[in-house]
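> What follows is the residue order along each chain.
There are 2 protein chains.
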Amino acid sequence: MRIAVDAMGGDYAPVEIVAGAVKWVAEEVGRQIFLVGQEELLKQELKPYSYDPSRLTVVNASEVITMEESPATAIRRKKDASIVVASRMVKEKKADAILSCGSTGAQMAAAIFILGRMEGIERPPIVASIPNMTGAYTLLIDVGANVDCKPRQLLQFALLGKTYASIIYGVEQPRIALLNNGEEESKGNTVTMETYALLRQQPGINFTGNIEGRDIFTGKSDVIVCDGFTGNILLKTMEGMALFIAQGILNTGGPIPAFFQRLDYTQTGGAPLLGVNGLSIVCHGSSKREAVYNGLRIAEDCYNKNIIEMQQLELSRISG
Amino acid sequence: MRIAVDAMGGDYAPVEIVAGAVKWVAEEVGRQIFLVGQEELLKQELKPYSYDPSRLTVVNASEVITMEESPATAIRRKKDASIVVASRMVKEKKADAILSCGSTGAQMAAAIFILGRMEGIERPPIVASIPNMTGAYTLLIDVGANVDCKPRQLLQFALLGKTYASIIYGVEQPRIALLNNGEEESKGNTVTMETYALLRQQPGINFTGNIEGRDIFTGKSDVIVCDGFTGNILLKTMEGMALFIAQGILNTGGPIPAFFQRLDYTQTGGAPLLGVNGLSIVCHGSSKREAVYNGLRIAEDCYNKNIIEMQQLELSRISG
Numbered sequence: 001m002r003i004a005v006d007a008m009g010g011d012y013a014p015v016e017i018v019a020g021a022v023k024w025v026a027e028e029v030g031r032q033i034f035l036v037g038q039e040e041l042l043k044q045e046l047k048p049y050s051y052d053p054s055r056l057t058v059v060n061a062s063e064v065i066t067m068e069e070s071p072a073t074a075i076r077r078k079k080d081a082s083i084v085v086a087s088r089m090v091k092e093k094k095a096d097a098i099l100s101c102g103s104t105g106a107q108m109a110a111a112i113f114i115l116g117r118m119e120g121i122e123r124p125p126i127v128a129s130i131p132n133m134t135g136a137y138t139l140l141i142d143v144g145a146n147v148d149c150k151p152r153q154l155l156q157f158a159l160l161g162k163t164y165a166s167i168i169y170g171v172e173q174p175r176i177a178l179l180n181n182g183e184e185e186s187k188g189n190t191v192t193m194e195t196y197a198l199l200r201q202q203p204g205i206n207f208t209g210n211i212e213g214r215d216i217f218t219g220k221s222d223v224i225v226c227d228g229f230t231g232n233i234l235l236k237t238m239e240g241m242a243l244f245i246a247q248g249i250l251n252t253g254g255p256i257p258a259f260f261q262r263l264d265y266t267q268t269g270g271a272p273l274l275g276v277n278g279l280s281i282v283c284h285g286s287s288k289r290e291a292v293y294n295g296l297r298i299a300e301d302c303y304n305k306n307i308i309e310m311q312q313l314e315l316s317r318i319s320g
Numbered sequence: 001m002r003i004a005v006d007a008m009g010g011d012y013a014p015v016e017i018v019a020g021a022v023k024w025v026a027e028e029v030g031r032q033i034f035l036v037g038q039e040e041l042l043k044q045e046l047k048p049y050s051y052d053p054s055r056l057t058v059v060n061a062s063e064v065i066t067m068e069e070s071p072a073t074a075i076r077r078k079k080d081a082s083i084v085v086a087s088r089m090v091k092e093k094k095a096d097a098i099l100s101c102g103s104t105g106a107q108m109a110a111a112i113f114i115l116g117r118m119e120g121i122e123r124p125p126i127v128a129s130i131p132n133m134t135g136a137y138t139l140l141i142d143v144g145a146n147v148d149c150k151p152r153q154l155l156q157f158a159l160l161g162k163t164y165a166s167i168i169y170g171v172e173q174p175r176i177a178l179l180n181n182g183e184e185e186s187k188g189n190t191v192t193m194e195t196y197a198l199l200r201q202q203p204g205i206n207f208t209g210n211i212e213g214r215d216i217f218t219g220k221s222d223v224i225v226c227d228g229f230t231g232n233i234l235l236k237t238m239e240g241m242a243l244f245i246a247q248g249i250l251n252t253g254g255p256i257p258a259f260f261q262r263l264d265y266t267q268t269g270g271a272p273l274l275g276v277n278g279l280s281i282v283c284h285g286s287s288k289r290e291a292v293y294n295g296l297r298i299a300e301d302c303y304n305k306n307i308i309e310m311q312q313l314e315l316s317r318i319s320g
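So the protein lines, in turn, are chains A and B.
With my numbering, you'll find the first sequence wraps up at 320, consecutive numbering, no jumps.
With my numbering, you'll find the second sequence wraps up at 320, consecutive numbering, no jumps.
Treat the hints with caution; some may be incorrect.
Any copy, or any two copies together, can satisfy a pair, since identical chains are not distinguished.
[Unchecked claim] 30 angstroms max Cα-Cα, derived DSSO-like pairs, lysine-lysine:
#1 Lys47 - Lys79
#2 Lys236 - Lys187
#3 Lys187 - Lys79
#4 Lys236 - Lys220
#5 Lys288 - Lys78
#6 Lys43 - Lys79
#7 Lys93 - Lys78
#8 Lys187 - Lys78
#9 Lys288 - Lys187
#10 Lys78 - Lys47
#11 Lys305 - Lys220
#12 Lys91 - Lys79
#13 Lys47 - Lys23
#14 Lys150 - Lys187
#15 Lys236 - Lys150
#16 Lys91 - Lys305
#17 Lys91 - Lys23
#18 Lys91 - Lys150
#19 Lys79 - Lys288
#20 Lys94 - Lys79
#21 Lys78 - Lys94
Keep in mind the hints are simulated off the structure, nothing from the lab.
Here the structure is a predicted model, which means the values were calculated and not measured.
For reference, chain A alone in the conformation it holds in the complex:
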């Protein structure tokens, strides 16, 4: 498997990105990495490592997109940005996946403009795997790509989330719930009330109704659908709360319980953008080598399980 890694994106780029990539590629012969970014810098960074140059190569990309830029504009103007070059490699079948820890907006824009959206998908969502009480994960979709969502777009998220949960989590009939401010059908804002009606009518999905915030962690749902505004705030709140509790335990003399490892996003590594015609793995901006390594493993898992083709199949079933 060949992965084009955006070596310039993320808080710890390129140092930690390079370290994670070197570790992953060394493990198995069938793996190949393209480190995409400023050639001189990356070659310098690679010096301390011993690696097989036929399986780890640097691909030059002179420009970098920062967090402050408008993603869509940046993607159009900076044709030689690392995320653009990496995405093009997937489009041209020179690589099987992209991985980036940089601006998620830019990665999404590159995916839409270069790889293209799947038929039937208006707004590709970003997903996150949330650990739950059963020891498994629950998929939260969307966690930030689309702040204002229409009901039919939330339905599209449900279809993509269904595929992800069945393929990646291995759940047979994923239970799909709608995040809401109450369990009753009558609860919700304008958008979720309309979405509830759409989800209930949709054939081929196992819609279990509304889910409240307090039940996210119980494992009673495999996929939780929400707009990207709510999902983004929620995901960051979970991250902030884990830190708050860990800090509070430390301050009151505790040791940090081992369980906190389950809340560590570096264990998950990353997740693919869904609804785009190519594998593009989003990693946390603060990813260090372990998270990058785990992100690459996710990419491999998605590739081996044909996540792109499986989404296309699910969508064609619906429209057909």
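The hints should help you fit chain B onto chain A, whose structure is shown.
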């Protein structure tokens, strides 16, 4: 101080409500409780206790509003429901405050129809005090009363939240932030982007900009403004996550660190509805005696600090 307690509302009514009220009223001579609910039942419940009957009296109310009923309809139809009778006592100045652990929607409806909204307030919000890393609390407003909010209504929440934080938390120039999916001014959905502009223009408030989920617990804001859909999901997610972590620690052999007490809502007890012309304290539906007792203490604190008059003053300053 005289408090009309809705003795019929909540998961543990009337047993735990009565126990909390008896404890509170016994502590000081100046305190008075009206236990509002089914007279025979409450008299039976009071039998094991010794109390001063001149300071703890039962007020009969034959009807009960359930969680399943439409709050507005129930309030109009059930004139003898405990929450209606209790609210009327405040309106008629027979009591200084109401406290309820029952349906928040019914309590809000009773507050709006019987006590009335303050001038300049379209949609009274519900608040919650969130513990933060500085050892203090951050006010989250609205946590569930209004699922679809207009920017001007979020501005009204900010004004009410300012008063609450300065009066109850004792913060001089409360830092007010807007909950959003990014810190930058350009971030947000349609509603938060418009709200940002309104808050920035508003004289007399210390608006510090957008706040992300991960910073809720840092204590960098005193008041965090959001719509009731997001706030409700967020609050319940925090509750669910605290349980998830505690359960996870237990399952992996740990003792629960003492710090978890800070996350326990029973310590806070309750919070007043803001923007209505009377003191109405909302408590968690699962409140036991300690939470009820702490809720009564919050009621007393709000009463002593003239929270109603201070809100009216703040609102008249703005319109004047």
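> Each hint should be assessed against the structure and marked as holding or not.
Hints, verified against the model:
no.: 1; hint: Lys47 - Lys79; verdict: within (28 angstroms within a copy, 81 angstroms between copies)
no.: 2; hint: Lys236 - Lys187; verdict: both (24 angstroms within a copy, 15 angstroms between copies)
no.: 3; hint: Lys187 - Lys79; verdict: between (46 angstroms within a copy, 25 angstroms between copies)
no.: 4; hint: Lys236 - Lys220; verdict: both (22 angstroms within a copy, 15 angstroms between copies)
no.: 5; hint: Lys288 - Lys78; verdict: within (26 angstroms within a copy, 60 angstroms between copies)
no.: 6; hint: Lys43 - Lys79; verdict: within (22 angstroms within a copy, 79 angstroms between copies)
no.: 7; hint: Lys93 - Lys78; verdict: within (21 angstroms within a copy, 69 angstroms between copies)
no.: 8; hint: Lys187 - Lys78; verdict: between (45 angstroms within a copy, 22 angstroms between copies)
no.: 9; hint: Lys288 - Lys187; verdict: between (41 angstroms within a copy, 26 angstroms between copies)
no.: 10; hint: Lys78 - Lys47; verdict: within (28 angstroms within a copy, 79 angstroms between copies)
no.: 11; hint: Lys305 - Lys220; verdict: within (25 angstroms within a copy, 44 angstroms between copies)
no.: 12; hint: Lys91 - Lys79; verdict: within (14 angstroms within a copy, 68 angstroms between copies)
no.: 13; hint: Lys47 - Lys23; verdict: within (14 angstroms within a copy, 72 angstroms between copies)
no.: 14; hint: Lys150 - Lys187; verdict: both (17 angstroms within a copy, 19 angstroms between copies)
no.: 15; hint: Lys236 - Lys150; verdict: both (23 angstroms within a copy, 24 angstroms between copies)
no.: 16; hint: Lys91 - Lys305; verdict: within (19 angstroms within a copy, 65 angstroms between copies)
no.: 17; hint: Lys91 - Lys23; verdict: within (26 angstroms within a copy, 70 angstroms between copies)
no.: 18; hint: Lys91 - Lys150; verdict: within (29 angstroms within a copy, 43 angstroms between copies)
no.: 19; hint: Lys79 - Lys288; verdict: within (27 angstroms within a copy, 62 angstroms between copies)
no.: 20; hint: Lys94 - Lys79; verdict: within (17 angstroms within a copy, 73 angstroms between copies)
no.: 21; hint: Lys78 - Lys94; verdict: within (20 angstroms within a copy, 71 angstroms between copies)
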